[in-house]
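Chains as they are written, first to last, in our numbering: chain Z, 102 to 292; chain L, 2 to 260.
Just so you know, the hints here were simulated from the structure itself, not pulled from any lab data.
Careful, some of the hints might be misleading.
[What the hints assert, rightly or not] Cut-off 20 Å, straight-line C-alpha distance, at most; resulting in silico cross-link-like pairs (SDA-like, lysine to any residue): (1) Z/260 / Z/147; (2) L/182 / Z/186; (3) Z/150 / L/171; (4) L/182 / Z/280; (5) L/73 / Z/144; (6) L/182 / Z/147; (7) Z/186 / L/25; (8) L/73 / Z/277; (9) Z/260 / Z/186; (10) Z/186 / L/22; (11) L/73 / Z/279; (12) L/182 / Z/229; (13) L/73 / Z/202; (14) L/182 / Z/228; (15) L/182 / Z/124; (16) L/182 / Z/279; (17) Z/150 / L/170; (18) L/182 / L/145.
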Amino acid sequence: MSLFKTILIQALILTSLANSAIAAHLVSAGTFVPYFGKSQSSDSGATTKFELTPYVSYGLQFHMFGAHYFVPELGLAYYHESAKKTRKRILFYHYNFSYILNPSFIIRYGFTTYWQRISGDGGSINLRNGDSYTDYTALSSPRDSYYTTLDLGGEFFLKPNRSVRLDFNMMNARDLENRAFNYILTYNWYL
Amino acid sequence: MRILFFTLVFTFSLFASTLNPNTGRGFAKNEIDVLVSLTDCTGAGFSTETFRDLVEDAADDYWNAVPTADLKLNVKGITNIDITGQSHSDILNSGLVANNTILAGCNETFSSSTTLGGAVMKCNGDNCQAVLIINAGSESAMPDQDRNTQIAVIAHELGHAIGLGHTEISHNLMYYSVSGKTQTWLGQDDIDGVTYLYPYDEPALGCDFLPILGAMGTIQDNSNDDNDNFPGGFMASALFGVLLAGLAFNSRKLFKLFV
Chain Z
102 MSLFKTILIQ ALILTSLANS AIAAHLVSAG TFVPYFGKSQ SSDSGATTKF ELTPYVSYGL
162 QFHMFGAHYF VPELGLAYYH ESAKKTRKRI LFYHYNFSYI LNPSFIIRYG FTTYWQRISG
222 DGGSINLRNG DSYTDYTALS SPRDSYYTTL DLGGEFFLKP NRSVRLDFNM MNARDLENRA
282 FNYILTYNWY L
Chain L
2 MRILFFTLVF TFSLFASTLN PNTGRGFAKN EIDVLVSLTD CTGAGFSTET FRDLVEDAAD
62 DYWNAVPTAD LKLNVKGITN IDITGQSHSD ILNSGLVANN TILAGCNETF SSSTTLGGAV
122 MKCNGDNCQA VLIINAGSES AMPDQDRNTQ IAVIAHELGH AIGLGHTEIS HNLMYYSVSG
182 KTQTWLGQDD IDGVTYLYPY DEPALGCDFL PILGAMGTIQ DNSNDDNDNF PGGFMASALF
242 GVLLAGLAFN SRKLFKLFV
């Protein structure tokens, strides 16, 4: 898509959203847990239930009608660089809607597009291979992949403008057998 | 602020997946055929027919089950190709294996009885083939393994056949050894490695008509990136624009939050 077309569509979206009042700005920080219960985390066969992967996001809350809001957010999950210089970053484009069930609880639903980048410094890594060691090719040029999840979550308000949120992101929505979930647990500030 | 500090300090560190040293890449296509050789697997503790079932379970339980990776290993029937007495390189150099195909079989060419199997991949341009051999020698330790471990061993070799190397973290499937552990799932290194080689490339829910979903399932190698479009399609850039505008309108409030 040409840059001109992109700017034009953005302008149209911004113009349409200008008619909706921005109810609040939203800043969140917490942790992102991928493949909940579906990736191995120990030699005994236990799976990942929780881990601390820093996640931060910024979003806007637009009033739609009644108790319904549109809450677009841009998030980032950051992984520490490994000793082998492999890097991973995930940028999240959340297109979620929220419904205020009562003053202390919000239901959230929608979808998220993940932009995941994995890269490395190239070269080789010497690793055990049977009874000897082999130089394996390290990851090099950055590669981006995109995938979309269906989201469902809830948000509990501790104070009028402070909340804790748990969002589940469902991958492979159509495939019952290979369906997997990520979750994001955050503390949120409404401004 | 304290939460931000906490999450930045006590973080989950990424380890490292690696690639097959023979090729340093994956297959050019995301759908790969897996053929089973008509060879005697008795020394490995199972019949050729059972071996075919184990290969299918290994493909489906591990590599075909990664939601972020667009990889489909199609395990076909038993083929008449006989690999008895032939090494990996003999088979690959003989032209027995078709392009975009993995040939799996058993034979007795391993020098060590503790080696349960091996796989070698070869690429010439976009044409790649791989051979996976399970040790069926008289001293092979494969018959001593339970079915779950046998599937994990075959899945590990399939990992090499699709382009992955080893990892240094023991709970990952691509660790060099299966002894002393129960392998049931892929580890995060395995998932990252296969996603790096074969990224998910299917619009969610089949909603191809939605530009945001249709535009997302692509891989980009940015080493030679001359495309100035914002990655992720126009909806993502629209969201970014909306948030940036909101940020600009209310930057003072945000500043107060962190100071």
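Status of each hint after checking the structure:
Our distance criterion of 20 Å between C-alpha atoms is broken by residue 260 of chain Z and residue 147 of chain Z, whose separation comes to about 37 Å. Note on residue 182 of chain L and residue 186 of chain Z: the hinted pairing is violated, with a Cα-Cα distance of about 27 Å set against a maximum of 20 Å. Pair hint residue 150 of chain Z plus residue 171 of chain L holds up; C-alpha atoms about 18 Å apart against a cutoff of 20 Å. A threshold of 20 Å between alpha carbons decides the hint, and for residue 182 of chain L with residue 280 of chain Z the separation of about 25 Å lies outside it, so the pair is violated.
Simply put, residue 73 of chain L and residue 144 of chain Z have alpha-carbon atoms about 27 Å apart, too far for the 20 Å limit, and the pair is violated. Restraint check for residue 182 of chain L and residue 147 of chain Z: the C-alpha separation of about 11 Å stays at or below 20 Å, so the hint holds. Note on residue 186 of chain Z and residue 25 of chain L: the hinted pairing holds, with a Cα-Cα distance of about 17 Å set against a maximum of 20 Å. At roughly 16 Å between alpha-carbon atoms, residue 73 of chain L and residue 277 of chain Z fall within 20 Å of each other, so this suggested pair holds.
The hinted pair formed by residue 260 of chain Z and residue 186 of chain Z fails the criterion: a straight-line CA distance of about 42 Å is larger than 20 Å. Distance restraint check for residue 186 of chain Z and residue 22 of chain L: the Cα-Cα separation of roughly 18 Å lies within the 20 Å cut-off, and the hinted pair is therefore satisfied. Restraint check for residue 73 of chain L and residue 279 of chain Z: satisfied, since their Cα atoms lie roughly 13 Å apart, inside the 20 Å limit. Under the criterion of a C-alpha separation no larger than 20 Å, the hint pairing residue 182 of chain L with residue 229 of chain Z is consistent with the structure, at around 17 Å.
For the hint linking residue 73 of chain L to residue 202 of chain Z, the alpha-carbon distance of about 42 Å lies beyond 20 Å, and the restraint is violated. A C-alpha spacing of about 19 Å is found between residue 182 of chain L and residue 228 of chain Z, which places the hinted pair at or below 20 Å, so the restraint holds. A distance of roughly 52 Å separates the Cα atoms of residue 182 of chain L and residue 124 of chain Z; the hinted pair therefore is violated under the 20 Å criterion. A C-alpha spacing of about 23 Å is found between residue 182 of chain L and residue 279 of chain Z, which places the hinted pair above 20 Å, so the restraint is violated.
Taking the CA atoms of residue 150 of chain Z and residue 170 of chain L, the gap is about 18 Å. The hint holds against a cut of 20 Å. Restraint check: the Cα-Cα separation between residue 182 of chain L and residue 145 of chain L comes to about 15 Å, which is no more than 20 Å; the hinted pair holds.
Hints 1, 2, 4, 5, 9, 13, 15, 16 from the list above are not met by this structure, while the remaining hints are.
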